[in-house]
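Chains as they are written, first to last, in this note's numbering: chain A, 397 to 685; chain B, 15 to 312; chain C, -6 to 273.
It is worth saying that the hints were derived from the structure and are not from the lab.
It is possible that part of the hints are untrue.
Some chain A residues flagged as far from chain B (calculated, every beta-carbon gap over 10 Å) [as the list claims (entries may be wrong)]:
(1) Gly462
(2) Lys476
(3) Asp504
(4) Leu508
(5) Arg511
(6) Ser513
(7) Arg544
(8) Leu578
(9) Asn609
(10) Leu643
(11) Leu651
(12) His652
Selected chain B positions facing chain A (Cβ under 8 Å, derived; list incomplete) [said to hold, decoys possible]:
(13) Trp86
(14) Gly90
(15) Leu171
(16) His177
(17) Leu181
(18) Ala184
(19) Asp185
(20) Asp187
(21) Arg190
(22) Leu235
Since this is a predicted model, take the numbers as computed values, not measurements.
Just so you know, even glycine gets a beta-carbon here, dropped at the ideal spot from N, CA and C.
Listed below are the residues making up each chain.
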Amino acid sequence: MSSPTSSSAMEEQNAPHLLEVAGLQVQIGGRSVLEELDFHLDTGQLCALIGENGAGKTTLLRAILGLQPVRQGRIRIHGKPASEERGQMGYVPQKIAFDPNLPIRTRDLVELGLRGSHFGFRGFFGNTSAAVAAALAAVDGEGFADQRIGRLSGGQQQRAVIAHALVRRPRLLLLDEPLANLDFRSTNTLVQMLGRLVREEKITVLVTAHDMNPLLPFLDRLVYLAHGRAAVGDVHTVVQDAVLSRLYGYPVTVLHHQGRILVLPEDPRRGMETACPGHTETDHGETGS
Amino acid sequence: MSTGFQDLGLVHFLGDPTIRSALWIGTMAAMLNGVIGVFAILRGQAFAGHALGDISSAGGAAAVFTGISALWGFLGMAWLAALILSGLGLKRAGERDLVTGVVLGGGLGISALFLYLDATGSSHSGATVSIMFGSLFGIPGSMVLPVILSTLSGLLLVLLCYHPLLLIAADPDLARARGVPAGLLETLYLLLLGLAAAISALTVGAILATALLLGPAGAALHLAGRPAQAFLYAAGIALFCTVTGIYLSYESFYWFGGTAWPVSFFVVVLVLLSYLLAAAWSRTGTVPGRPALHGAKR
Amino acid sequence: MFASYMLHTWIMASILAMATGILGYFVILWRSVFAAHALPLAAFPGAAAAPLLGISPLWGLFFFSGLGVLFLRLFSLLGRKDIAMGLLLTTFLALGGLLLSMGQEYSAAVFSLLFGEILGISGRSFLPMVLIALLVLLLVLANFRSLLLQSVSPALAAAAGISRSRLDWLVLALLALVTAGALPIVGTLLTFTLLVSPAASAQRLCSHPFWSLVLSVFLAETMTWLSIAMAFWTNWPPGFFVGTLGAVLFLLSHLTARFRSGLRPSADTAGRPGLSSDPA
Ligand SMILES: Nc1ncnc2c1ncn2[C@@H]1O[C@H](COP(=O)(O)OP(=O)(O)O)[C@@H](O)[C@H]1O
Ligand SMILES: [Mg+2]
């Protein structure tokens, strides 16, 4: 692997991956949450990070952002430590609930995406309106650009935060459970939008979810988390009885039905203790705060 | 009694050096509290702001006892409490209120002791009133310059950290993801809150300091549609209340036959009125986006 | 210190400590610490006005703490509760300060109202105080389950047909009553410490609802007795002892709870939905 000395190295065949996670171990409160995680993403991919509640999806995203201390392993963006490359990443947290009294319009929130980390006076100069308008357009947010963010609907708040993350033109966009509280139509709209970002803007998108089905049309890559380990690859290589059974440590069956995928424990009683990603999940999915 | 109907006695009013010091200090308190108050409300720390004001009374009382300047007394105790609160680093709102309450109780206990000691030392029998309810007209002119300098440095700090502070107020997670040192800014912000409380305590008294912090900022948040507006409105409303309060207190000497009503009384009442007016005004729908009935407190 | 003129103080303080211990338990569960701080301050002008009007301070306190509850509910409709409380308490305090400035012995009166006085109770207020305590005891026990359920899960309580606003009124009204009783002894500023510290400590130390209620009362009694005894010996204001003892008590119980649960992140009673914090 060539050392990343110049940016032209990226175009080469064996250039460093956009995101590379190697040998990652994370412990929280003495308990191991992620152990030996290895995967990589390349430019212009839509990747789903699938796992049950508590599998460690949020932990992994926070580790990539440098917000979660890592016990071992490395996380690199274009071959450089991710914590130094925060500027390349955009993040949309799972829980978004703005105070209705915030005197901040959608437009202002998006502008804070550019200036939110600027100390000193440079945050007060320069024209940002073109970049803000472009980010708003990318999420179809012009309609509520001048409304206070705290008074938008949940889906609109989410789009506002995505615009906030996009405005700096990140290479990697991390979204934590963006589909968790969306109805069928909003889910579709959001997935279409993410697909467009990946195809047209060549942004790499990493989405966590407990159900992979809505993402299937645009999915390039899948990271399937369970018990701190992951199975990685495209949908067809990962979502197989053998692979997932090994990951879970007990037999599971993958069912395909009209283009939808269902992962079920072979012994139905196991489903009582350990729900598998898929439709069974929704009955105890996280319903916000 | 019928003093200067034509000129409202303004020349006389402004010519008085006591009044000029009072106006300077009041102006500084208003600007700083208006600006910091907006952050305090947005972050759901109204109670913490209130507690810092109350606790600063212990410092004021200790200052009288030891003979140091009241400003440093107020400020020292407010900062001590701010550092304790930020050291505890409590995230959940309920937990934070609880511990803030306990710290507040301890601070007030100490305040009780010092005020008692002040009162038994015969020369300071009026200390309780002047510390708790303020004695703006009794502040020595030598205190004006330190107050101006510390206020301006506080405002400068806010300006330098304006965007990160705003992003934290919107959502701390988003700020952390951007690499903003949220913990450090939290401490800085609590220290600024302490500074605002101390200068407000100097102006309207320690237990009334909250009025300047919360009222104008709350009113401004009812009226403002965008961030910069909120800060400008808050500072403006606070300024109006303080200056008018000083003027009315000065004039009340003539209304009530030789006993002036306290400045703090007028300021607090004006603050309350402007908050109620702003809240009512925002309900008429003139302001972009009607406020929710029960704001979520984080 | 057990002379006959102190007897009233001891008995009344014991009754009051019981009432604050019980009510404080729900103040903590409901996360309404700020309200517990604001209401005594709202009652302040009542005590200040009483000498001017020549009435018993207790009636003034009742009147103004009742007024405080009313305004609190009204203001909360205009926006956030915490701003409403901050403005309410400063306005009432400022009014009280103004009223006091019209009376005699301005500074001494202010001091004893703010920080309490062990001889602050006259024989006349004896009966009302007993009635207050009984009322608190009865109403809280009668609504114990509803109050508990409401604090644990508002959704479950609503499903069980428990009215949130009725309980809100109940807690605020009881707070106003206890405030009026406690204020002359402990003072305006530190009445809330009696409400907050014993109950918060008890909930750290004991997780069973009923026993932690009992523990809360016990701690409140201990704190009050110690404060009065020390105030008597030193001649220092009781508020000093109440405030600092409260902080020490909470610190000790917090450390005990930490120590007992080992190094695990504390799984304490925090995070429950309450009167003042309602993030959902
Ligand atoms: N602050 C924390 N303290 C203790 N444990 C935590 C904390 N955050 C996460 N965990 C634990 O780490 C595991 C992974 O959590 P998380 O990454 O949030 O899961 P997911 O996002 O996949 O639902 C969970 O078992 C959770 O209990
Ligand atoms: Mg998660």
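Separation of Asp504(A) from chain B, once the least beta-carbon distance is taken, above 10 Å: violated, 6 Å
Proposed interface contact between Ala184(B) and chain A, which counts if any beta carbon pair is under 8 Å: holds, 6 Å
Minimum beta-carbon distance criterion (8 Å), Leu171(B) to chain A: violated, 10 Å
Interface-negative label, Gly462(A) against chain B, beta-carbon threshold 10 Å: The claim breaks: Gly462(A) does not keep its Cβ more than 10 Å from every Cβ of chain B (closest is about 8 Å).
Whether Leu578(A) stays farther than 10 Å from all C-beta atoms of chain B, as the label says: Label holds. Min Cβ-Cβ 19 Å, cutoff 10 Å.
Beyond 10 Å from each Cβ of chain B, as asserted for Leu508(A): The assertion about Leu508(A) is violated, with a minimum of 5 Å to chain B.
10 Å Cβ clearance of Ser513(A) from chain B: violated, 4 Å
Distance rule for His652(A), whose beta carbon must clear each one in chain B by more than 10 Å: Fine: 37 Å to the nearest Cβ keeps His652(A) off the interface.
Supplied contact hint for Gly90(B), tested at 8 Å Cβ to chain A: violated, 27 Å
Asp185(B) as an interface hint toward chain A, with CB separation required under 8 Å: holds, 7 Å
Restraint satisfaction for Trp86(B) [CB to CB of chain A, less than 8 Å]: Violated: closest Cβ of chain A sits about 29 Å from Trp86(B), beyond 8 Å.
Non-interface claim for Lys476(A), where every Cβ of chain B lies beyond 10 Å: holds, 15 Å
Of the numbered hints listed earlier, those contradicted by the structure are 1, 3, 4, 5, 6, 7, 13, 14 and 15.
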